[in-house]
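Could you build the full structure based on these sequences and the hints that come with them?
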Amino acid sequence: MLEAPIGSARFNNEFGRPCLTGTFRTLLTPASSDDAAADAKEWRGYHKPIMLAGGVGTVRPQNALKEERFVREGAHVIVLGGPAMLIGLGGGAASSNASGEGNADLDFDSVQRGNPEMERRAQMVINTCTALGEQSPIAMIHDVGAGGLSNALPELVKDAGYGGNFELRQVESADRSMSPLQIWCNEAQERYVLLINPENMNRFTSICRRERCGFSDVGAVASRDSSGVSKLVLTDRESKEYPRPIDLPMDALFPPKRQQDRNVTSIKPSFAPFDAMASLRKDFGDLGNAELLSKAVERVFLMPAVGSKSFLITIGDRTVGGLTTRDQMVGPWQTPVADVAITATSFSLGGKQRIGEAMAMGEKPTLALVDPAASARMAVAESLLNIGAADIMGDLRRVKLSANWMAAVSHPGEGAALYEAVKAIGMEMCPELNISIPVGKDSTSMKAVWKEDGQAKSVTAPVSVAISAFTVVEDVRKTWTPHLRRVEEVGETILLFVDLAEGRKALGGSALAQSFGAVGNEVPDMKNFDLMRDYFDALSQLHESGVVLAYHDRSDGGLITTVAEMMFAGRCGVDMMMDGIAKSGQTGDMVEALFNEELGAVFQVRASDEINFKRCFATCGPPPGLVRKFGVVKSKGRQSLTIRHAGATFATLGRAEMQQWWSKTSYEMQRLRDNPACADSEFATIADSEDPGMSYNLTYSPAENIMPLTSSISGFFGKAPRVAVLREQGVNGYAELAFAFKAAGFEPVDIHMTDVLDGRSLADFTGLAAPGGFSYGDVLGAGQGWAKSILMHENTRREFTDFFKRPDTFALGVCNGCQLLTRIKSLIPGAEHWPTFVDNASQQFEGRFSMVKVEENSSKPSVFFHGMNGSTLPVVVSHGEGRAKFPSPNSLQELTSSGMIPLRYVDNRLHVTEQYPYNPNGSPAGVAGVSTKDGRFVAMMPHPERTVLADVASFVPREAVDEWGEFGPWVRIFRSARRWVG
334 MLEAPIGSAR FNNEFGRPCL TGTFRTLLTP ASSDDAAADA KEWRGYHKPI
384 MLAGGVGTVR PQNALKEERF VREGAHVIVL GGPAMLIGLG GGAASSNASG
434 EGNADLDFDS VQRGNPEMER RAQMVINTCT ALGEQSPIAM IHDVGAGGLS
484 NALPELVKDA GYGGNFELRQ VESADRSMSP LQIWCNEAQE RYVLLINPEN
534 MNRFTSICRR ERCGFSDVGA VASRDSSGVS KLVLTDRESK EYPRPIDLPM
584 DALFPPKRQQ DRNVTSIKPS FAPFDAMASL RKDFGDLGNA ELLSKAVERV
634 FLMPAVGSKS FLITIGDRTV GGLTTRDQMV GPWQTPVADV AITATSFSLG
684 GKQRIGEAMA MGEKPTLALV DPAASARMAV AESLLNIGAA DIMGDLRRVK
734 LSANWMAAVS HPGEGAALYE AVKAIGMEMC PELNISIPVG KDSTSMKAVW
784 KEDGQAKSVT APVSVAISAF TVVEDVRKTW TPHLRRVEEV GETILLFVDL
834 AEGRKALGGS ALAQSFGAVG NEVPDMKNFD LMRDYFDALS QLHESGVVLA
884 YHDRSDGGLI TTVAEMMFAG RCGVDMMMDG IAKSGQTGDM VEALFNEELG
934 AVFQVRASDE INFKRCFATC GPPPGLVRKF GVVKSKGRQS LTIRHAGATF
984 ATLGRAEMQQ WWSKTSYEMQ RLRDNPACAD SEFATIADSE DPGMSYNLTY
1034 SPAENIMPLT SSISGFFGKA PRVAVLREQG VNGYAELAFA FKAAGFEPVD
1084 IHMTDVLDGR SLADFTGLAA PGGFSYGDVL GAGQGWAKSI LMHENTRREF
1134 TDFFKRPDTF ALGVCNGCQL LTRIKSLIPG AEHWPTFVDN ASQQFEGRFS
1184 MVKVEENSSK PSVFFHGMNG STLPVVVSHG EGRAKFPSPN SLQELTSSGM
1234 IPLRYVDNRL HVTEQYPYNP NGSPAGVAGV STKDGRFVAM MPHPERTVLA
1284 DVASFVPREA VDEWGEFGPW VRIFRSARRW VG
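FYI, the numbering used here numbers position 850 of the sequence shown as 1183, with every residue one higher than the one before it.
I should point out that these hints are in silico values taken from the structure, not numbers from a laboratory. There could be a bad hint or two in this list.
Unchecked claim - DSSO-like, lysine-lysine: derived pairs with alpha carbons at most 30 Å apart: (1) 491 x 774; (2) 860 x 774; (3) 1052 x 1075; (4) 590 x 756; (5) 784 x 601; (6) 1121 x 1266; (7) 615 x 916; (8) 916 x 811; (9) 685 x 1075; (10) 491 x 399; (11) 628 x 997; (12) 685 x 784; (13) 1218 x 1121; (14) 615 x 997.
Laid out in structure tokens, this is it:
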């Protein structure tokens, strides 16, 4: 967990896909409560780990189905992307074995190696083709996964209704010594197989050349032979002994599907009941209520499934693409407690609202130790409660699920357990709720085996289903978060608890039980499907009414965790009244009520809206007493949780202390992995109860029209000034930057470095915009390869030099584009004191929402920051090399005195800072961006273009969005540039 997440995050960051939700769980427990010696016990856990990656996107209707009619006789069979390599050979087979059962050669050969920069190039080819609509040269497409080309090519031509003739040596290979089997079967990633009709090959070739993406023309589709047989034929022109290694009828490769029969035996585990009070007394002795509860909370909050996942979140880019409206981080203090991930579908509004897509997860594998069916039902239910935070109009039929099943089916009892779980949701729960499961995957070898001192050892995972729920969002602005609103902001508020368990309080499989090394014999479950439908009907009405201020479901850690996380997000206190929730004020009953993980949710509403809230539930049919007022938000900055029963105080816990417990595991992991001084600095900020949080303090109105009247009129009737949005291979932040300039009245034009190297002139452009990304995969340093492609080509160097010398031009470099401009500063007049940007002080990629201050040079007309001087506001940060390193000791002073540092990082008290995490990279004097003295050329590490839209930001006050309209504060720098151009 120190290294593997970095690999996945780096791939995601470099490819350019936001990572917006996830989970982290650990487990190791005996498979039963018998008294067998430790060596003889059967163990359950994740020695063979689960890593789940998935996503959601949008597909145009005309591209949704593979249809034979698009493919014609003679269509070319193309392998697009990277070359064949001796990696991932037998990977699909290796992953189907129990870990430790394979031989060393297979383990070595099957290891994959990713190349996200190559996948980005392949994706750009696909994007360009699909953007052509009906003129797209792609007739059919298929990914290359398990089995490599041996699986992908036959499936591709089969879907087209043809056979295929392929030449093995036409496949581009990185290693000429590879055998035919290795070329045909390796699972090297970043490859797709396509069918291109003959008349479209020239267009396809030119697109690939522009994007510098390799492809191989490996053959053609083939009709049935004279005997009516459709065949797959593979030739090898370099082999005299086996010139035709494969010549098979397609029917032999794709025989009719037959149902597989398996005989399995059901084995019911034997777990003792979990006695929470006995466990607490055993470990902590005869403490009072408050002390005992405090110990229980600390233990539970340290559990990875419950506590902060921050160390897994900030390493990932969550904003690339400029359409993220809800990521994991919530509120002014950026607390990782969001229930749902949401993206806007496009940059344009759909009427007066912005539609989008929502994704949420659910997984409850610890329950499967006792009841696999209950585990599956609860996983689905958890995903639904999470996605309920989005405005989905309460229609469960619009929710689609992905079910990823993991089990050791050959282990005694596990085949039957898997059947029970699949039946519970696939044949019962989901059909009853009118929810479909159109996609999913499985791994049926979830067992690790090894030898220790000559003795066989094994650990078997429980049946584990990870549910990902997806749906359309009607209005992204109506998303609820766990961010409790303070009394000073919204007036007196109350907390309402909706108990979907109808009073059940099973502690089996809970974080509390696991923290004491126990499981229990009674677990939470969801069987009242009518109640779930009624609940979503009520959610629909509540989204429409707008009365809900905050929302969070009850899940890992129980009700006390739900309320505590809402407190963390809002930095406020809560009075909890447990009457009617706990059976009594006795410690055992209170612990049971606070830590059970049955289904439920907590809502914050204004006190004056209580009747309206309950009316939404009353009209839907849930049973009486389902909704209970159980808390109020404290005023005057009192950041503590007070728990009462029958008017008596049971315990009081401080927000800062609880949040440090909750963050401790993440902090310790971060400290081991990154710069420990940075981890210490961030952990210390939790205890600062006076921290005001992020804020928007603007010296201007985002809605203001700053264009002179004459420019507005001429711009309306004339041609918009053109901006070259410059791309190099590996750049991924081009779309949002192009939109930002488009929204300000420019005409953005996509210019690849291939175009410039081919002689495309920059003379007809007023502006140049260099986006973020990972050009050349940041090999030899961020921006270095991109800069060298300009500096080391004489004609290209001259083209950029001429552009920068013109008095009517401007340039903006963002992130990787900033690194580019500072690497070619020798071409930019007045940029000799600019720094380069090197590794962050944390020694880690930083994806954050950081406060900055605008300090424009008031003595010069501003190109990018007109009227913004003195404003402080949050901005997106996503980089691994953002720390300014100046060429000489006096460079910083020279830039400061000349007014050439327009942007600095500030803390939440609005002071320029070098303190982590407020300054995410350790730049001296908080330097976040630099400019030339005349302000025409600006290089900045933050991403203003990613939050140009008012509702696309990790934190925006709701009232501000209504005031600003469609666009947020950062649109100003693009409008300012448009004003300067005139």
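Structure-based check of each hint:
1. 491 x 774: Measuring from Cα to Cα gives roughly 22 Å; hence the hint holds.
2. 860 x 774: Roughly 25 Å between the alpha carbons, so the hint for residue 860 and residue 774 holds.
3. 1052 x 1075: With Cα atoms ~13 Å apart, residue 1052 and residue 1075 stay inside 30 Å; holds.
4. 590 x 756: This hinted pair holds, its Cα atoms lying about 21 Å apart.
5. 784 x 601: Since the Cα atoms of residue 784 and residue 601 sit roughly 28 Å apart, the hinted pair holds (cutoff 30 Å).
6. 1121 x 1266: holds (25 Å)
7. 615 x 916: Roughly 23 Å separates the two Cα atoms, so the pair holds.
8. 916 x 811: violated (36 Å)
9. 685 x 1075: Since the Cα atoms of residue 685 and residue 1075 sit roughly 20 Å apart, the hinted pair holds (cutoff 30 Å).
10. 491 x 399: holds (11 Å)
11. 628 x 997: holds (14 Å)
12. 685 x 784: Not OK: residue 685 and residue 784 at ~64 Å, beyond 30 Å, violated.
13. 1218 x 1121: Holds - the C-alpha atoms of residue 1121 and residue 1218 are around 19 Å apart, at most 30 Å.
14. 615 x 997: holds (24 Å)
Of the hints listed earlier, those the structure fails to meet are numbers 8 and 12, in rising order.
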